[in-house]
Amino acid sequence: MADSFTYDIQQAGYRFDQYDLKGNATFEIFKNEFRAFPWEDQVGNNKGGSEPTISVKNSETKIDLWVSVIGSPDEFAYLVGIVQPKKVKTMFGFGKEKDVNWVTAYVLEQSEWVEEAFKLYFLGETDKLNSRFSSLPIFLEEEAAY
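For reference, each letter of the sequence shown is one residue, going 36 to 181 in my numbering.
To be clear, the hints were calculated from the coordinates, so they are not data collected in a lab.
Under the rule of at most 20 Å between Cα atoms (straight-line distance), these lysine to aspartate or glutamate pairs were calculated in the EDC-like manner:
(1) Lys66 to Asp76
(2) Lys57 to Asp43
(3) Lys124 to Glu176
Pair ranges (Cβ atoms, derived):
(4) Thr61 to Ser146: 12 to 20 Å
(5) Gln145 to Lys124: 30 to 38 Å
(6) Glu144 to Gly58: 28 to 36 Å
(7) Leu171 to Thr125: 25 to 33 Å
(8) Asn67 to Glu144: 20 to 28 Å
(9) Gly106 to Asp52: 22 to 30 Å
(10) Asp109 to Thr161: 32 to 40 Å
(11) Arg50 to Asp76: 13 to 21 Å
(12) Met126 to Asn67: 45 to 53 Å
(13) Asp38 to Glu110: 33 to 41 Å
(14) Glu147 to Pro108: 19 to 27 Å
(15) Lys124 to Lys82: 35 to 43 Å
Because the structure is a prediction, the values reported are computed rather than measured. Each residue gets a CB set at the ideal place from its N, CA and C atoms; glycine is no exception.
Whole structure, please, built from the sequences with the hints as guidance.
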């Protein structure tokens, strides 16, 4: 299962389709990258592109988890987004169900909460992760663009 996780990084200002592929990921690798990443230096410096983001993908479950930031260097919060399969009804909720990739992003103010979320993700505890997310403020919820 360890080989099923890969990660990439977007620096602030990258085009939305531009990222640096990093390779296989474990919780320890993620935690080290997350702690070393210059969040404070990059927040708010998107120059019309992306905010800084670390994304982890699980090729077995097809569930992705990412962390980004919003705000300014003086005051910022983390956004943690989960992209996972979801059934939605077409035709304004009256049509047939179809499977889509659904992204929900939550606001987290503490780096420890981010690490806890990613630890659950790497352990494959998606139900527990979604349960913890359910008490957090939602920043974004929509069909994923990819």
